[in-house]
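A.B. asks: Residues per chain, in single letters:
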Amino acid sequence: MSLRVLYIVHQFFPEFRTGTERFVMNVASMIQKAGNFVKIVTYNVCEGETFEEDGGIFAKEYFYKSLPVIGVKHKAAPVNLHTACEDSGIYNFASRFLKKERKYDLIHVGHPMRLISFTEAALESMVPYLLTLTDFWLICPRFVLKTNSEVLCDGPEGGDKCAILCREVPIELIKRRLSTAKDILFAAKEVVSPSIFLASVFKKEFPDLKIRIIPHGLDYRSVKENQRIYRNGGKIILGYCGSIQPHKGVHVLIRAFRELNPENAELKLYGKWEKDDYLRYLKDLVGEDNRIIFCGEYEGEKVGEVLNGIDVLIVPSLCYESYSFVIHEAFACNVPVIASNIGGLAEKVKESITGFTFRVGDHEDLATKLRNVVEESSQLNEVKWRMRGFLPPFMEEEAYLYERVYREMVKEMIPGNGLSKSPC
Amino acid sequence: MKVREANLPPLPEIKPLLIPKIELISFEDSLPFINRNISVVIPTKNAGNYFKYLLRKLRSQRGLKECEIIIVDSGSSDDTLSVARKEGAKIIEIAPETFNHSLSRNRGAEGASGDLLLFMVQDALPLSNQWLWEMAKALEENDVVAVSCAEYPSSEQDLFYGMLAWNHYKTLNLDKDRILSWDKSCSFPIGIRSNSQINNISSLIKREIFEKYKFQKNYGEDLDLGMRLIRDGHRLGFLYSTRVMHSHHRSPYYFLKRAYVDKKFLSQIFNSLSYSEFRDYKKLLQDFFSLLCDINKLAVDVKNFKLPIDIHTLFGKIRTVLESGDGHWGWFREDYVKDGELFRFMKSLIDHGKIECRRFPSRENGILPSFLCHLNLLENYASRIYENVSECVLEEVVDSCYKIFALQCGGQLAYLYLSDSGNSSQWEYLEEMNNILTEGV
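Chains as they are written, first to last, in my numbering: chain A, 1 to 424; chain B, 1 to 441.
Don't read these hints as lab results, they were simulated from the structure. Each statement offered as a hint is correct.
Beta-carbon label-pair distances, calculated as ranges:
{"id": "1", "chain 1": "B", "residue 1": "170", "chain 2": "A", "residue 2": "243", "range": "44 to 50 Å"}
{"id": "2", "chain 1": "B", "residue 1": "188", "chain 2": "A", "residue 2": "100", "range": "42 to 48 Å"}
{"id": "3", "chain 1": "B", "residue 1": "77", "chain 2": "A", "residue 2": "81", "range": "58 to 64 Å"}
{"id": "4", "chain 1": "A", "residue 1": "2", "chain 2": "B", "residue 2": "48", "range": "26 to 32 Å"}
{"id": "5", "chain 1": "A", "residue 1": "212", "chain 2": "B", "residue 2": "93", "range": "40 to 46 Å"}
{"id": "6", "chain 1": "B", "residue 1": "93", "chain 2": "A", "residue 2": "102", "range": "54 to 60 Å"}
{"id": "7", "chain 1": "A", "residue 1": "53", "chain 2": "B", "residue 2": "380", "range": "35 to 41 Å"}
{"id": "8", "chain 1": "A", "residue 1": "176", "chain 2": "B", "residue 2": "156", "range": "45 to 51 Å"}
{"id": "9", "chain 1": "A", "residue 1": "299", "chain 2": "B", "residue 2": "113", "range": "43 to 49 Å"}
{"id": "10", "chain 1": "A", "residue 1": "102", "chain 2": "B", "residue 2": "170", "range": "19 to 25 Å"}
Calculated cross-link-like contacts (lysine-lysine; reagent style DSSO-like; alpha-carbon spacing at most 30 Å):
{"id": "11", "chain 1": "B", "residue 1": "45", "chain 2": "A", "residue 2": "224"}
{"id": "12", "chain 1": "B", "residue 1": "90", "chain 2": "A", "residue 2": "384"}
{"id": "13", "chain 1": "A", "residue 1": "99", "chain 2": "B", "residue 2": "306"}
{"id": "14", "chain 1": "B", "residue 1": "86", "chain 2": "A", "residue 2": "384"}
{"id": "15", "chain 1": "B", "residue 1": "317", "chain 2": "A", "residue 2": "65"}
{"id": "16", "chain 1": "A", "residue 1": "411", "chain 2": "B", "residue 2": "170"}
{"id": "17", "chain 1": "B", "residue 1": "306", "chain 2": "A", "residue 2": "65"}
{"id": "18", "chain 1": "A", "residue 1": "235", "chain 2": "A", "residue 2": "224"}
{"id": "19", "chain 1": "B", "residue 1": "86", "chain 2": "A", "residue 2": "350"}
{"id": "20", "chain 1": "A", "residue 1": "182", "chain 2": "A", "residue 2": "411"}
{"id": "21", "chain 1": "B", "residue 1": "45", "chain 2": "A", "residue 2": "384"}
{"id": "22", "chain 1": "A", "residue 1": "224", "chain 2": "B", "residue 2": "52"}
{"id": "23", "chain 1": "A", "residue 1": "235", "chain 2": "B", "residue 2": "52"}
{"id": "24", "chain 1": "B", "residue 1": "176", "chain 2": "A", "residue 2": "411"}
Note that the structure is a prediction, hence the values are computed from the model and not measured. Cβ atoms here follow ideal geometry from the backbone N, Cα and C, with glycine treated the same way.
Isolated chain B (complex conformation) (with noise of 0.2 Å):
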C-alpha cells in the first residue's frame, strides 16, 4: 500500500528540520553516601494496586545501598505474592489466623539481613527518591534510636481524613521535626504519646536496639515500642518535613469500629485515662440513633442549601438543623445511612439491646455536645482550606459529618464496655458487640 501522494490539499511541506544541539545540563544533587544496608519488613495482605509502585519506590531510592525487602504476607489471594517476587523481595508467609501486628513484624526482623529495619505498611508510598536517604541522614545525625515521618496525602484522601490528621499532629505537638524523649510531660498520657512516636507507616530503627526490645503489643505495637525506649532513656526522632504518602478514604463503620479498638487500646496501655462510666445503656443507644436520624435529616436539608456557600455559615446552618433535630426514627433508613456496615451495625444494636423506638429531641441528646466539639474542630480545618463551599466540598462535609458521628459512637461503646464490671445483665449482649468491633482491625 502506497502513499497517494496525487490530489492532496495543499499543507505547508514540512522541511526537513535543523536539529540544535542543546546540551542537556545535570540538575541532580549527587547526595552524600550513607553506607548502611538497611531491610524494609512490609506486612501483606491482598496488598492492592500501589503495593507493585511501593516496591518500585523502594528500589530506586539514591544515596544508599540498594535495599533488602521483606514481605511477610498471611495469605494473599490476589497478585500480591507474584508482584513481591517480581520485584525480588524476600517472602515469609504465615497462616492467616496466625497473624499478629507485633509477631508478624518481628518473623521479618528475623530474616532481615540489614543494620537499619525500615518498617512500612503495604499502603504507603515514598515521595521522592531521597526520602530514605532523609530518613537514614536523621537517624545518623542524630543522637537517636529510631526515626519516623508523618504521613502526605493521598489524592483519595477525603476532609474527613484530612481533619484527622490535622488534629493528630497539632494536638502531639508532631507538626514539626522533633527529637523526643522522657520529659515532664509523659507524667501525662498527652505527653507520652507525642514523645513515643514510632509510627510504623513508616519507620526506621537501628537493628540492635529492634533486637532488644521487639514488638509486643497486637494493636498499638509501634507506640508501644516507643514507650519502652523512651523509658529506658533513648531519644526517637520525628520528621514532619519528610514525608511518605498515606491516607484513606474509608467507611463511617471503619471508623466506628477503629475508635472503639483505639479507645480500648489508649485506656488499657495509660491507667490514668478517664472515662464516663455508663449506668443507661439503653438511653446511650437511644442518643445513638436519634443523632444518627437528626444526620440523616441534614443530608437532606442540605441540598436545599443556596450554593456556593461561606464555610461558616454552612458550620452554622448544620449546627441550627441539629441542634433543632427531634430524632425522629423515620429518618432511620438505609438509603439515607448510604453506608450499609453502618446500617446495619446499627440496626443491629437496636435489635439486640431491645431497644424502644423512642426519639429524644436534641436538647436531651447526650452524644450530641461532644458531636458538635467534633463538628467545630471540622470547622477549624475546613475553614483553612475553603472560604466558600461548592456542591463536592459540601457533599464532603456531610460525609464527615457520619464520621464524626461514626467516632462518636465507637469511642462510647469501647468506654461502655470497658465500665462492665462483666456481671451486668447487658454483658453477653457487649461481649457479642465486642466480637464484632474488634474483627479485622
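With the rest of the complex left out, here is chain A (with noise of 0.2 Å):
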C-alpha cells in the first residue's frame, strides 16, 4: 500500500540548502521513489515572490525536481516567528489545509521552526506525526546550546539554568516554551534524532522520552574515494568545508594553521560566508600567508572532487554539532578528520581510527593536532585504512529505515501467513 506523508520543514530548497533541508530532500526523495505520496509544506522567508491569501497566510505552490512543495509565509511576520512553540495563523492554516487535502496517513517534522502548529492541527485531524530532531530549538530559544557569552550549555533543565546562563530571556517565556515543546514531543508517536548525542542531550531533559537512532545518509553518487598515500614529508593539503561564519570556528583553524611553520603545508577553506566583517577579520588573519586558500562555494554534488583535493578535513565548531553531514562525507571518500572534542563531532571522530580531536576553541591544541599531521603524514595511512570500518549509511538507508518506523506507525504492515521475524 502506498504511503502518503507530508513533511513539514522550516525552510527548503532552492534557496536553503542545510543539512536538515537535505535530510528533508533525501527522505522525501526516496520515500517518493520507493511508491509512496509526499509533499513539502515549507515557510517561505523570501520576498518578492508570487502566493495567495488564506486567513492571514500567504501560500504558493511549486516543485522543487518532482517534490511538490507549498511555501507558506505570513502576511504580518510575528515578532516572534523564529522562537514560537505556538502560532494560531498557521495553526488555523494547518488545520484548513488538513481538512482540504486527501488524508495524509501521517506528518513527517524535519523541523518544527516557524509551522510548529502543523502538529496541534494533526492531532486534531487524527493524522500521526513523527517528529525527527536536527538541533536544539525546541529546548533552547537560541537554538544551539549556547550562551550569549559563548558558554555552551548542557540543557535547559527545566529552565532553571536558562536563569542563570541566558538572563535576557524571561524565565516565564523559557519555562512556557518548554512545557510547549514536551508536549509536542510526547505527543508525537515517534521521535528520532540522528545522533546519540543529540538523542542524549534530550533525554536529559526528558528522561521518560522514547528516541529512535536513525543516522542521516549520504547520496554516494557524489562520493569519490580519496586513494592517496603519504609519505613523511610530502605535501598535505588541509582542508575547512561548510560555511564561513564564527561559530564554525574558522578563525580558529586560521590561527592554528599559521603557527604551523612548514612549507609542505597548503589550507584550502570552501564555503559561503554570510558576514562581510567576519570574512575580512579572517583575511586579515591570512595576512600575506599565501598557503591559505579561500576557495568559495561549491555545489553538493561535487562533494567528493573536494574532498578528494584535500588530505585531512579540518572541523573547528565552536558549538555542537548535531549531525554533521560533511564528516560524514569526509568518512565516505576516505579522508580523515580533525574535530572540535564535543557533540556530535566527538560522537562520531574517533581518535586515530577516523581521524583526530583537539579542545575546542583551542588554537594551540589545534596546531598541534596539524602538526602532527603535517610533519608524519604517513600515519595517515593507517588511519585511512581504519576508517574503512566506518561506512556512513547511504540515504536510500535512511529511507528505507524511516519507512519502516511509518509503517510501523500507521500498522500498514500485516504479516502474511505465518512467517515470523522478531520484532527489530
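Make the complex out of the two chains shown on their own, each in a separate frame, by following the hints.
C.D. replies: Take a look at the structure:
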C-alpha cells in the first residue's frame, strides 16, 4: 500500500540547502521513489514571490525537482516567528490545509520552527506525526545550547539553567516554551534523532522520552574515494568545508594553521560567508600567507571532488554539531578528520581511527594536531585503512529505516500467512 | 609566520568554553546472537563502484558470526578482484566463456564452509546492519528451507522500474511477509511463480538442502530451484518488510532483450502458458515501427503541454496522441529515439526483414491495445505517487513509454520465434535475431 506523507520543514530548497533541508529532501525523494505520495510544506522567508492569501497566511505551490512543495508565510510575521512554539495563524492554515487535502497517513516534521502548529492541527485531524530532532531548537530559544557570552550549556534543566546563563530571556517565556515543547514531543508517535549525542541531550531533559536513532544518509553518487598514499615530508593539504561563520570556528583554524612553519602544508577554505566583516577579519588573520586559499562555495554534488583535493578535513566548530554531514562525507571519501572534541563531532571522530580531536576553541591544541599530521603524514595511511570500517549510511538506508517506522506508525505492515520475525 | 594580531577589526572574542559533560546513552539494541556460519556467494564481472560497499556492509552485519564471502569472477577487467582481495573475500576465477548463472553459483557454493548460503548479486546492498540477522531469524523461526527478500529502490531508480517492481509484488501476492509452499494455486503458472520465490538478488538457503538440489538452469535458476523445492514439499520464506537495495536504470533496448528472454524462459518452464501464433511477421514489424514513430511524435508533442499538469489529464492526452497517430515513418529518427541501440536494432529489423515502409494508422495497429494496457498500469502506479506532474516527471513518463514499447516488442518477438516451426522462410532471420537478443542477458 502506498503511503501519503506530508513533510514539514522550516525552510527548504532552492533558497536554503543546509543539513536539515538536505535530510528532508533525501528522505522525501526516496520515499517518493519507493512508490509513496509525498508533499512538503515549508516556510518561505523570501520576498517578492507570488503567493495566494489564505486567512492571513500567504501560500504558493511549486516543484523542487519531482517534489511538490507548498511555501507559506505570514502576511504580517509575528515578532517571535523564529522562537514561538505556538502560532494561531499557522494552526488555522494547517487545519484548513489538512481538511482540504486527501488524508495523509502521517506527518513527518523535519524541523518545527515557524510551522510548529502543524503538530497541533495534525493531532486534531487524527493524523499521527513523527518528529526528527535536528538541533536544540525545541529546548533552547537560542537554538544552539550556547549563551550569548559563548558558554556552552548542557540543557535547560526545566529552565533553571537558562535563568542563570541566559538572563536576557524571561524565565516565564522559557518555562512555557519548554512545557509546550514537551507536549509536542510526547504527543509525537515517534521521535527520531540522527545522532546519539543529540538524543542524549533530549533524554537528559526528558528522561521518559522514547527516541530512535536513524543517522542521516549520504548520496553516494557524489562520493569519490580519496586513494592517496602518504610518506613523511610530502605535501599535505588541509581543508575546511562549511559555512564561513564565527560559530564554525574558522578563525581558530586559521590561527592554528599560521602557527605551522612547514612549507609543505596548504589550507583550503571552502564555503559561503554570510557576514562580510567576519570574512574581512579572516582575511586579515591570513595576511600575506599564500598557503591559505579561499576557494568559495561548491555544489553538493561536487563534494567528492572537493574531498579528493584535500588530505585532512578540519571541523573546528565552537558549538555542538548535532549531526555533521561533512564529516560523514569525509569518512565516505576516506579522508581523515580533525574536529573539536564536543557534541556530535566527538561522537563520530574516534582518536586515530577516523581522525583526531582537539580542545574546542583552542588554536594551540589544534596547531599541535595539525603539526602532527603534517610532519608525520605517513600515519594517515593507517587512519585511512581503519576508517574503512566506518561506512556512513546511504540515503536509501535512511529512507528505508524511516519507511519501516512510518509503516509501524500506521500499522500497515500486516504479517502474511505466518512468517514470523522478531520485532526489530 | 606569526599571526599578525594588530589592527584586526573587532570581533567578539571567543572565550574559553565551558565544556559540559553530556553522557552518551546507548541506544543500540542488542540482537540475540544467531550462532550459524554464513557463506555469501556473489558472481561478479566488472562489479561497479558500489561493490566495495556491498562487501563492507556484509562485513558490518550484527548479531551473527562474521560471514565468509566468496566471489566467482568471470573475467573482470576493472578493480573488482583487487576490491575483493582488500575486503578479504575468497576468489574463484572462471573463464568468461564458461559463465552460466547456475554453474557459477554452484561453484561458489562448493567452495563455501558455512551451514547457510547467501546468494547475492554484485549490485545489491543491505540497507541496515541487521539485515542479514533478520533474514537468518526468519529462516530459524519458521519451518522454511530458504528465505528471500524484496527489493528497495536506489536513488537511480526510474519511474518505469518502480512500476515493474510494484506490479511484480502485487501480481504475485508478494507485497507482504509470507511463507510459500505448494498449494492448489500451483496448478496455474502465476500460482507457481508466486509460491516459488527464491530470488538470487539475495536468498538465504540451508546448505544441506542446496547441496541436494543446486541450481540447474542458465536463466531463471532461482525460480527453477524454488519450484523444485516446493514440489518436494519444502516451504520457503519471503520477506517484504525486510528489503535489500537493488534497482536498475536501464535503457529501452535492455528491456527489449530482457522481455524477449523472460518470455522464452517462462514459455519453456510453463507449458500451459499460452501465446498467440503469428502468421504475418511483416505486419507485426510494421506495427512496431508505426507505434515507435507515434511515440517519437508524442515525445515532441509533450513539450507543448502546460505544466504542472494533473496526472490523469496527462495520461489522457498521451492516449489521445497515440490513438490518433498515423504511424508516419518520418518520425523514425535516431535523435528522437535517444536510445541508439534500440534505434539500430529496429533499423536492422527493417533492413534484414526487407520490411516495406508502409504506415498504419493506430486503429489498425495490432500492438497498440496491449501497449495501452501497460500504459494504464503506469498511470495506476504513477497516480499513487503524483497528483500533478512537473517537467522532470513528464520526462520520466515519456521515457517509460519507450520502455513499455520495448517490453511489448521483446515479448512479441519471443512469441514470434517460439511460434515458428523452424521451417518457415523467415527462420534464418529469426535465428539471427535470437542470437542478438539473448546475448549478454
